[in-house]
Amino acid sequence: MRVLYFAWLRERIGLPREDVETGAATVADLVEELKAREERYAVAFADVSAVRVALDQELSSFDAPLAGVREVAFFPPMTGG
Amino acid sequence: MRVLYFAWLRERIGLPREDVETGAATVADLVEELKAREERYAVAFADVSAVRVALDQELSSFDAPLAGVREVAFFPPMTGG
Amino acid sequence: MIRVQQGTFDPGAELNAFSAAQEGAGAVVSFSGVVRDVAGGLEAMEIEHYPGMTEAALEEFRAEAVRRWSLSGALVIHRHGRLAPGEVIMMVCTAAPHRADAFAAAEFLMDYLKSRAPFWKKEVTAEGAAWVAAKDEDEDALSRW
Amino acid sequence: MIRVQQGTFDPGAELNAFSAAQEGAGAVVSFSGVVRDVAGGLEAMEIEHYPGMTEAALEEFRAEAVRRWSLSGALVIHRHGRLAPGEVIMMVCTAAPHRADAFAAAEFLMDYLKSRAPFWKKEVTAEGAAWVAAKDEDEDALSRW
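Residue numbers (our numbering), protein chains in the order written: chain G, 1 to 81; chain E, 1001 to 1081; chain R, 2001 to 2145; chain B, 3001 to 3145.
So here's chain G without its partners, still in its complex pose:
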């Protein structure tokens, strides 16, 4: 599964994307796996209320299932316009 990071999540984790082998059932499970991995992930995901997620480029939620998903993206609230 491809995982993307944008803005300060990208900066804190130190990479824009990576391929992750995971059996996580939901986005929240994936976040827990990542946080357990390394300190920088734990720091980046310390406050998930400040993190948004997209599954295959559609805005989604942390309790969404990952079955069939190819691309997960994490980012802060958007500031376009």
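Read the hints as simulated data drawn from the structure, not as lab findings. It cannot be assumed that every hint is accurate.
Subject to a maximum C-alpha distance of 30 Å in a straight line, what follows is the list of computed DSS-like cross-link-like pairs (lysine-lysine) [what the hints assert, rightly or not]:
#1 R:K2122 / E:K1035
#2 G:K35 / B:K3122
#3 R:K2122 / R:K2135
#4 B:K3135 / G:K35
#5 B:K3135 / B:K3122
Since we're looking at a predicted model, the values are computed, not measured.
Got chain G sorted already, so can you dock chains E, R and B onto it with the hints?
Just chains E, R and B, lined up with the frame of chain G:
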């Protein structure tokens, strides 16, 4: 006193402006004087709910006094923009 | 700034010149009105106005918009005379630090231009000429300000 | 139409080209966003985005606006990359037979661009760089649609 007419009031009365000698106290009095004058004025002012008035280029009302006023303008509701 | 004129103007050039003159504006809103064709075919739109009062009214609306919202600037241009379908009639530009102010001020100016600026439109078709009637919804729109 | 691009564009030329392409539109509204300077002096505004999702999101907002209001057309342009103060960031144009639709659709598109399009802004000053925080008022603005 200078009296101006715009749009269909101008067309019905047949002139864009005229100088009127009047002792009318209010706009409504002036309108009655004009209506009594000739049929074309009576036609133009038949329904004053469709007529607006400006005194010295400020929107006003039919019960406004004419004392000190130099220019009275009659016109239909405005359609700018 | 306000301008009342017979000749045409270039909305894009006006927008760029207006934007370039703004300091600290993050948001620029423009409205341009275009002569629409009508069923049966419009030959011309004739716009009559009240010279003197027109300029005073537009300047009053512009000043009121600047009083009510945090604007860095506001521009109103309105034409009169005989216009062909597709020609630009008028334009409003507003600029503000934040978009809500720029949008509100532009809508305010449009509502006042529609119902309180001394312009009268006449549509000329092959069947003749008819004065455009004021719309209740335009009058009602003023009540929101 | 939607466009996501790094290079700059000319808002006036875009407005004119958009207006010329409209059929039966009496009302054209534009919004342009400009990089504002900040206290202490802004060196640059860096705009990051999510290629692919950005285009899909803008097209979805544009289609939704066309569904909700009687529009003859809608255009969204948004830049990414490193921008200097005073540069144009983005533009929305809407055209409709009547002004209320054109205004509402432009405000709708702006609200969605602000809070639902995957762009992230970073302000670079002499003191360093800081990500722009999303504003509660921008999130709240979505609730009106």
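Structure-based check of all given hints:
1. Straight-line distance between C-alpha atoms of R:K2122 and E:K1035 comes to about 25 Å, which keeps the hinted pair within the 30 Å bound.
2. Distance restraint check for G:K35 and B:K3122: the Cα-Cα separation of roughly 25 Å lies within the 30 Å cut-off, and the hinted pair is therefore satisfied.
3. At roughly 14 Å between alpha-carbon atoms, R:K2122 and R:K2135 fall within 30 Å of each other, so this suggested pair holds.
4. Under the criterion of a C-alpha separation no larger than 30 Å, the hint pairing B:K3135 with G:K35 is consistent with the structure, at around 27 Å.
5. With a C-alpha separation of about 14 Å, the suggested pairing of B:K3135 with B:K3122 holds against the 30 Å cut-off.
Consistency with the previously given hints is maintained throughout, with no hint failing.
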